[in-house]
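Please build the complete structure, drawing on both the sequences and the hints.
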Amino acid sequence: MRLAYLKRIGLAQGILLALALVPLTGLPAYQFYVLERGLQNVLVVLSLVILLGYTGQLSLGQAGLVAVGAYTYGILCVNYRLSPWLGLVAAPLAAGLVGVVVGFPSFKLKGPFLVVNTLAFSEIVRILILNNEKVTGGPFGLNSIPAIATGLPLYYFMLVVAFLAAVATLRLSRSHIGLALKAIREDEVAAEAMGVHVRNYKLLAFVISSVLAGVSGVFFANMAGYLNPDSFTFNESSTYLLMVVLGGMDNVAGGILSSLTVTSLPEALRFMARSRMVVYSLILLLVLRYTKVLNLANLKRMMMRQRPTPYASTREQDQVNP
Amino acid sequence: MGFEAILQILIQGLNMGLIYALAALGISLIWNATGLFNFAQGDLLTVGGYVMLSTFSHWALPYPFAFLFTCGVMGLAGYLLSQGYFFPMFSQGLHPDVIVIGTIALTVLVQNGILLLWGPHAQRFTTPLGDSPVHVGEVIVMPYYLWNIAVVVVLVALLQVFFKKSILGIAMRAVAQRPVTASLMGVRTDRLVALTFLLATGLAAVGGILIAPVIPLIPEMGGLVALKAFAAVLIGGLGSFAGALVGGAIVGVAEVVFATLVVSTYKDVFIFAILIAFLLVRPRGIFSAEISEKV
Amino acid sequence: MSLLTTTQLTKRFGGIVAVNQVDLDVGSGEICGLIGPNGSGKTTLVNVITGIYKPTDGEVAFEGRPIHNRTPHEICALGIGRTFQNIRLLLSLSVFDNVRLGGHIHTRSRLWDVLLLTGRLRREEKEVADRINEVLDFTGLRPYRDELTRNLPYGRRKVVEIARALMARPKLLILDEPAAGLNSSEKGSLMTLLSRVRDTGISILLIEHEMTMVEALSNRVFVLNYGKKISQGSFAEIQRDSAVVEAYLGTGGSHA
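Protein chains in written order, with our numbering: chain A, 40 to 361; chain B, 1355 to 1649; chain C, 1426 to 1681.
Keep in mind the hints are simulated off the structure, nothing from the lab.
Backbone N, C-alpha and C fix where the C-beta goes; we use that ideal spot for every residue, glycine too.
The reader is advised that the hints may include incorrect statements.
Stated by the list, open to error - For lysine to aspartate or glutamate, the following DMTMM-like pairs were computed, each having C-alpha atoms within a straight-line distance of at most 20 Å: (1) C:Lys-1596 x C:Glu-1488; (2) C:Lys-1653 x C:Asp-1666; (3) A:Lys-147 x A:Glu-227; (4) C:Lys-1596 x C:Glu-1455; (5) C:Lys-1479 x A:Asp-269; (6) C:Lys-1612 x C:Glu-1635; (7) B:Lys-1621 x A:Asp-269; (8) A:Lys-147 x C:Glu-1499; (9) B:Lys-1621 x A:Glu-172; (10) C:Lys-1653 x C:Glu-1549.
Said to hold, decoys possible - Between beta-carbon pairs, the in silico distance windows are: (11) C:Arg-1437 x A:Val-140: 52 to 60 Å; (12) C:Asn-1576 x A:Ala-307: 34 to 42 Å; (13) A:Arg-238 x C:Leu-1674: 42 to 50 Å; (14) A:Arg-309 x C:Asn-1576: 41 to 49 Å; (15) C:Lys-1479 x A:Val-318: 49 to 57 Å; (16) B:Ser-1520 x A:Leu-324: 30 to 38 Å; (17) C:Gly-1439 x A:Leu-333: 40 to 48 Å; (18) A:Val-318 x C:Ser-1610: 58 to 66 Å; (19) C:Leu-1674 x A:Leu-324: 57 to 65 Å; (20) A:Tyr-265 x C:Glu-1572: 37 to 45 Å; (21) B:Ser-1520 x A:Glu-306: 48 to 56 Å; (22) B:Arg-1542 x C:Ile-1441: 56 to 64 Å; (23) A:Arg-238 x C:Lys-1551: 23 to 31 Å; (24) B:Leu-1634 x C:Glu-1572: 40 to 48 Å.
Rendered as structure tokens:
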């Protein structure tokens, strides 16, 4: 009976609604903080579900876009004393604009060329942040960032936004736009021949995913109250990618679960003391290796009693020159 | 600008540039054999440096022996990685994006592993030539610059002979051209791919050994070197031997030029800007080695 | 007035001339066959017409307007649909979704409509679903509507590609070897389907090796060899043309 109810409201929405009840469980403060971080990461994972899962554009630059969102918010609120609410609106827009620039080469770059392009942009962002101390605080960081809300109100605010983002992503997936993106992922030439303006749609995917990453950045700034360029590196971008793969690539519910799990994993392994991060990375590597079976999308399908459709490219022509 | 200054910049630039070239070479080798872009190459280079640190500095083994030991251990690791991790993923027909993310997951493991085994502090060792600056006229050169350049030149020569003359080298090149055909003809593709990985990680090890005197080893070094290596391989031409060398040289020299002539904190931004420009205008690099899609 | 006209169309790849000064035309409501030995440039010609390649020389005009500088999606919007020699469907999606993609060019809803699930989107999706059912009925694919395309046999996948192309309401349908790999009963069904397509007023440019099909369906036939047009006319005429016979059988029994 509960399964049927879940099917109606959707697993993704169900998970997020369940999260609303967590504060009632009396979870200790630090573990709750980790959960919050997992929730903040959900937005970035959703951005990659759209960019990579639907459109097939592999990006190692999401950390840079999160940084743009976080620092735009921080700079506007601290240096220009703007209202945090205005920051919340402006920051994702800024991230979206940067997303246009980062995504622009996507019309001709594929595979590793595209990835390196996104990585290069992300690094440029980080270096610019690092070396403009007057504006960004440089390596000393940006401090005392005012928040939209703190504590429990912030948590629920993030939850609402994540819920809306999940619903939006699902609606996108089912629509003709989502279908066009998926066609681009699987066969660009055929998609274009069927009337999809591939160049623009790729750019659209980049912009949407950048805006989501930007919102995540705003939440990061709100949660931490303090920003440092070390939080937005290749490592973070890598982790986001791992999360979306483990979630099943194009699966929203899987991505949400994956974000929460992977973010909490280092915490859960605390008992392993010094070797916990190595164990953490080994677990990720192993799950990746067996991802055909071991991914959260499959788990979801098992729970919802659906047939598995593996995210696999059956076309041998995967080597494409840009 | 005086001739000596140019020579100074060239030597310093080539020193790092050839290390980037080694990493680029490793990336190109794996790319040719498998179509996989190894994002972990920078971190593998770093591990190589750390293994040498243990064998040469900590266990005080003689330099040549430690050098070969490190390359051997790293090569073996590459072989095992291929057989145990990557090749099975290819055979399973996993989406190429997933396998690429596998290399990215590897970077996370390697960095954490280094942190666990060697700690977070910067560590260094140097070549047998020592650390006293050498004066050649007006030019001041660190002895390890010359050492690095010499080692890479010899290594490249050996590789050229290997690929052109040895049966194994020719077989590896054949597999790189037509992996499906080769496997249909009964060639043990998995072994040849594993050998390619072995060679690539071996080259990474050499890079790590050569980089330690120049830049002290830290666990995060992999990420820092990686992007320069990617720039080198893409500017020079992904899949091209000459491209890796030229690309590495360009990045290495550009780095020094930007650091000395322009603002040094932004030297990387300029290099990445050049990389992005190349990607927009000529993604297949200077020496292109294309594979086209049949429509 | 002819629907599609190519004038001295040429396509070079480096040193190779894949399409060599080809003049071709397709009129309203007719089926034109495009035949020639393997490697004669038929698919390349079609790729140039549909905008996947830019011509090295020459022109393509559709309904009197030049299209040789246009992108594939623009050409699709103008009314040219196509199928591919090596089927290019989205195998991980259902037949319904694959055919739905064909209708993309006619969608009017924007991202805004999608995110807010507006009435406009709902109406449009209803119309699209109706049209998909129409096309599926027309092509006999209705029973397989929700099947995963990956699970379909080869012959049926080819029909899905045709259904997809029909969704866009093309004026000209270009088919690249639709009968390849089909058994005789499937070929029969295909012939019937293509006649019915022509009867709805859609012109067809048919690349085929299956000569009975070309003979039965085509009003006119164009023959290519080594990128050049070596003959054109009714099927009976080109069948008698010695140049055509030579191209297929070779002189003194060499290559095919």
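Structure-based check of all given hints:
no.: 1; hint: C:Lys-1596 x C:Glu-1488; result: holds (10 Å)
no.: 2; hint: C:Lys-1653 x C:Asp-1666; result: holds (15 Å)
no.: 3; hint: A:Lys-147 x A:Glu-227; result: holds (11 Å)
no.: 4; hint: C:Lys-1596 x C:Glu-1455; result: holds (11 Å)
no.: 5; hint: C:Lys-1479 x A:Asp-269; result: violated (47 Å)
no.: 6; hint: C:Lys-1612 x C:Glu-1635; result: holds (9 Å)
no.: 7; hint: B:Lys-1621 x A:Asp-269; result: holds (19 Å)
no.: 8; hint: A:Lys-147 x C:Glu-1499; result: holds (18 Å)
no.: 9; hint: B:Lys-1621 x A:Glu-172; result: holds (17 Å)
no.: 10; hint: C:Lys-1653 x C:Glu-1549; result: violated (45 Å)
no.: 11; hint: C:Arg-1437 x A:Val-140: 52 to 60 Å; result: violated (35 Å)
no.: 12; hint: C:Asn-1576 x A:Ala-307: 34 to 42 Å; result: holds (40 Å)
no.: 13; hint: A:Arg-238 x C:Leu-1674: 42 to 50 Å; result: holds (46 Å)
no.: 14; hint: A:Arg-309 x C:Asn-1576: 41 to 49 Å; result: holds (46 Å)
no.: 15; hint: C:Lys-1479 x A:Val-318: 49 to 57 Å; result: holds (54 Å)
no.: 16; hint: B:Ser-1520 x A:Leu-324: 30 to 38 Å; result: holds (33 Å)
no.: 17; hint: C:Gly-1439 x A:Leu-333: 40 to 48 Å; result: holds (46 Å)
no.: 18; hint: A:Val-318 x C:Ser-1610: 58 to 66 Å; result: holds (60 Å)
no.: 19; hint: C:Leu-1674 x A:Leu-324: 57 to 65 Å; result: holds (59 Å)
no.: 20; hint: A:Tyr-265 x C:Glu-1572: 37 to 45 Å; result: violated (54 Å)
no.: 21; hint: B:Ser-1520 x A:Glu-306: 48 to 56 Å; result: holds (51 Å)
no.: 22; hint: B:Arg-1542 x C:Ile-1441: 56 to 64 Å; result: violated (35 Å)
no.: 23; hint: A:Arg-238 x C:Lys-1551: 23 to 31 Å; result: holds (30 Å)
no.: 24; hint: B:Leu-1634 x C:Glu-1572: 40 to 48 Å; result: holds (42 Å)
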